[in-house]
Amino acid sequence: MEFEDEIFNDGLPKAYYKHNDNGQYVLETNAPWAEKVSCALIIAGNRANLEEIRKAVLAGQKSPLCYYMEMRQMDPGILAKAAGIAVFRVKRHFRPEIFAKLKPSVLNRYTKALRVTLEELKTVPNI
Amino acid sequence: MTTELAANGKPYVHHHGAHCETAVTSALFRYQGVDISEPMIFGIGSGIFFGYLPFVKLVHLPVTAFRNKPGAVFRKAAKRLGANFVIKTYRDPQQGMDELRQVLKAGHIVGLATNLYWLPYVSERHRHNFGGHNIIVLRETEGGFRISDPTFGDPVDCSADGLERARFVPGPMNPRGFMYYTKSINPHPDLRGACIKGMKDSCSLMLRIPLPIFGVRGMRFLSKKVIKSPDKLGFQEACRHLAGIVRWVEETGTGGAGFRYMYAAFFHEVAGLFGSDELANLSKEMTAIGDNWREFSVTAARIIKQRGKAEETFAKAGGLILKCADREEAFFRNLQKVVRKLKA
Numbered sequence: 001m002e003f004e005d006e007i008f009n010d011g012l013p014k015a016y017y018k019h020n021d022n023g024q025y026v027l028e029t030n031a032p033w034a035e036k037v038s039c040a041l042i043i044a045g046n047r048a049n050l051e052e053i054r055k056a057v058l059a060g061q062k063s064p065l066c067y068y069m070e071m072r073q074m075d076p077g078i079l080a081k082a083a084g085i086a087v088f089r090v091k092r093h094f095r096p097e098i099f100a101k102l103k104p105s106v107l108n109r110y111t112k113a114l115r116v117t118l119e120e121l122k123t124v125p126n127i
Numbered sequence: 128m129t130t131e132l133a134a135n136g137k138p139y140v141h142h143h144g145a146h147c148e149t150a151v152t153s154a155l156f157r158y159q160g161v162d163i164s165e166p167m168i169f170g171i172g173s174g175i176f177f178g179y180l181p182f183v184k185l186v187h188l189p190v191t192a193f194r195n196k197p198g199a200v201f202r203k204a205a206k207r208l209g210a211n212f213v214i215k216t217y218r219d220p221q222q223g224m225d226e227l228r229q230v231l232k233a234g235h236i237v238g239l240a241t242n243l244y245w246l247p248y249v250s251e252r253h254r255h256n257f258g259g260h261n262i263i264v265l266r267e268t269e270g271g272f273r274i275s276d277p278t279f280g281d282p283v284d285c286s287a288d289g290l291e292r293a294r295f296v297p298g299p300m301n302p303r304g305f306m307y308y309t310k311s312i313n314p315h316p317d318l319r320g321a322c323i324k325g326m327k328d329s330c331s332l333m334l335r336i337p338l339p340i341f342g343v344r345g346m347r348f349l350s351k352k353v354i355k356s357p358d359k360l361g362f363q364e365a366c367r368h369l370a371g372i373v374r375w376v377e378e379t380g381t382g383g384a385g386f387r388y389m390y391a392a393f394f395h396e397v398a399g400l401f402g403s404d405e406l407a408n409l410s411k412e413m414t415a416i417g418d419n420w421r422e423f424s425v426t427a428a429r430i431i432k433q434r435g436k437a438e439e440t441f442a443k444a445g446g447l448i449l450k451c452a453d454r455e456e457a458f459f460r461n462l463q464k465v466v467r468k469l470k471a
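One line per chain: the protein sequences are X and E, in this order.
Okay, so the first sequence: first residue is 1 according to the numbering used here, each after it adds one.
Okay, so the second sequence: first residue is 128 according to the numbering used here, each after it adds one.
Since the hints were made in silico from the structure, they are not lab data.
It cannot be assumed that every hint is accurate.
As the list claims (entries may be wrong) - When the alpha-carbon atoms are kept at most 20 Å apart in a straight line, the in silico SDA-like pairs for lysine to any residue are as follows:
#: 1; chain 1: X; residue 1: 81; chain 2: X; residue 2: 97
#: 2; chain 1: E; residue 1: 324; chain 2: E; residue 2: 468
#: 3; chain 1: X; residue 1: 36; chain 2: E; residue 2: 135
#: 4; chain 1: E; residue 1: 215; chain 2: E; residue 2: 229
#: 5; chain 1: X; residue 1: 36; chain 2: E; residue 2: 439
#: 6; chain 1: E; residue 1: 184; chain 2: E; residue 2: 439
#: 7; chain 1: X; residue 1: 36; chain 2: E; residue 2: 359
#: 8; chain 1: X; residue 1: 36; chain 2: E; residue 2: 468
#: 9; chain 1: E; residue 1: 184; chain 2: X; residue 2: 120
#: 10; chain 1: X; residue 1: 91; chain 2: E; residue 2: 186
#: 11; chain 1: X; residue 1: 18; chain 2: E; residue 2: 135
#: 12; chain 1: X; residue 1: 18; chain 2: E; residue 2: 232
#: 13; chain 1: X; residue 1: 36; chain 2: E; residue 2: 254
#: 14; chain 1: E; residue 1: 232; chain 2: E; residue 2: 364
Said to hold, decoys possible - What follows is a set of in silico ranges between Cβ atoms, one per label pair, in the way DEER data are often shown:
#: 15; chain 1: E; residue 1: 181; chain 2: X; residue 2: 55; range: 27 to 35 Å
#: 16; chain 1: E; residue 1: 206; chain 2: X; residue 2: 61; range: 32 to 40 Å
#: 17; chain 1: E; residue 1: 214; chain 2: X; residue 2: 52; range: 40 to 48 Å
#: 18; chain 1: X; residue 1: 55; chain 2: E; residue 2: 310; range: 49 to 57 Å
#: 19; chain 1: X; residue 1: 123; chain 2: E; residue 2: 418; range: 33 to 41 Å
For glycine and all other residues, C-beta sits at the position ideal for the given N, C-alpha and C.
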C-alpha cells in the first residue's frame, strides 16, 4: 500500500461537497487525490525533519528541547510564549551544553508547555 | 447523522458537515429550532474570502486562507439572522473552563474554538498546529466532555484536560478560549435580507480591500509567488510550499476547492429562495470556478508526483490561479450588479 492510502485509512473521514447530475450539491467522504498527495508529502516531510533533528540530538549538536518543539509543531516564538520564557533564551537552550545546565524550575516550564515528563525532556527516544 | 442528548436532555442531531465553523453555527441554529443549512450560513456569514499570509507560518509553511477569519462567520451570521448570542474570550484557563461548565449546566450547547493539534481524538493527518478549529460541546461527562465535531462523522468523547489544553494553548491564531453560544433565536429570521447583506459584504471583501494580499489581488500575488518559487526555493522546497497551498484548498475542511463548491451550493439555495435565474447562473459559474481550483490542485499534485514533467510546470499552476482570480473578479463584479436588483 502506498503511503498516501496508509495515512488516509487512519482517522475519521471528512466531508466534501460534490455537484451531482441532478444539479444538487451533496456531501461525500472520498478525499480528492490531490489532497492525498500533498498531505502525504507534508507529513513525510515533517517526519523526515523530526528524524533529522533526533539524529542531531544524539550526535550532540542540538538539545532535546529542539526535538520536542518540532514534535509539537511549534517554533521558538510559540514555545517561548507557551513557556513564558524569552525567545532568545529559548534559542540559547537549543545548545546542548547550555540545556544541560538548566535549573529544574526552567525545565518544569518547558515540560508544562510541551506536555512531556521531565525524564522525557532530558533525552530523545533512541530507536 | 446521529442523535445525542444535550445537557438538559434535549435531543441534538449531529450532522456531518464540510467546514467546522459553518457546520457548528448551523448546528447551533438547528438546535434552537431554525432549520438552516451549512452553505446558507456560509453565504450569510460572508465566509468566502481569500488571503495569502506569508508572515504567518504554520509548521514552516505560509497560510493561505480561503475563508474569513475564525469567529467572523458565526458573528456575522448570528447578527444578520437576528439571534441573541454571547461571544467570550478568556485570559485565565481555569475561569474559561468554569464558565463553560456553568453555561452547559444552564442547558445551552456551546461552540468553542480550539487548537486542532491538541484535540485528543484527531488523527495524524489532520493534526496541525492551527488554532481555529470549531467544535460543539454537548454536555459534561465523567472526567471529560461529550463533543460533536461536525467535520467528523460521529460525536466523540474528549478529556477535560485535553480540551482545556486545546482551548488555551498559545500558537498561531491563539483561540484564547473563544467560546460562543446563542441564547435565543428569532424563529422566523429574515432570510432574504440576511442573504443580501451577506452577498454584498462578500463582494466588498473580495474586491475592495486595498492590500495586495487579500481578495482577488491576493490570488494574483500568490500566482506570481508560485511561478517564481522553483527558482527562489529550489524544486523540493517549492513542492512543499505548493503542497501547503493544496492542503489549504482541499483539506482544511473546505468542502473541496477552497469553499467554492460550498459557495455554489449557497447560490443554488438562494436562487430557489428568490426565484431568480441570474443567481442560478451565478451558482453554475461558481461551480466552474471551483472546478478551476480543483484543476489547480490536480496540476500541483502532478508536479509533486513528477508525472508529465514537460507540461505540468509551476508556470501552469500559477496560470491556473491567475485564471481563477480573473474569473472570480468577474463573478463578484457581476454579483454586485445582481444583488442591487434583489429586494429583501
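Comparing the hints with the structure gives:
no.: 1; hint: X:81 to X:97; in the structure: violated (23 Å)
no.: 2; hint: E:324 to E:468; in the structure: holds (13 Å)
no.: 3; hint: X:36 to E:135; in the structure: violated (41 Å)
no.: 4; hint: E:215 to E:229; in the structure: holds (14 Å)
no.: 5; hint: X:36 to E:439; in the structure: holds (18 Å)
no.: 6; hint: E:184 to E:439; in the structure: violated (27 Å)
no.: 7; hint: X:36 to E:359; in the structure: violated (26 Å)
no.: 8; hint: X:36 to E:468; in the structure: violated (43 Å)
no.: 9; hint: E:184 to X:120; in the structure: violated (27 Å)
no.: 10; hint: X:91 to E:186; in the structure: holds (17 Å)
no.: 11; hint: X:18 to E:135; in the structure: violated (36 Å)
no.: 12; hint: X:18 to E:232; in the structure: violated (39 Å)
no.: 13; hint: X:36 to E:254; in the structure: holds (14 Å)
no.: 14; hint: E:232 to E:364; in the structure: violated (50 Å)
no.: 15; hint: E:181 to X:55: 27 to 35 Å; in the structure: holds (30 Å)
no.: 16; hint: E:206 to X:61: 32 to 40 Å; in the structure: violated (54 Å)
no.: 17; hint: E:214 to X:52: 40 to 48 Å; in the structure: holds (43 Å)
no.: 18; hint: X:55 to E:310: 49 to 57 Å; in the structure: holds (55 Å)
no.: 19; hint: X:123 to E:418: 33 to 41 Å; in the structure: violated (51 Å)
The structure fails to meet hints 1, 3, 6, 7, 8, 9, 11, 12, 14, 16 and 19 from the earlier list, while all remaining hints are met.
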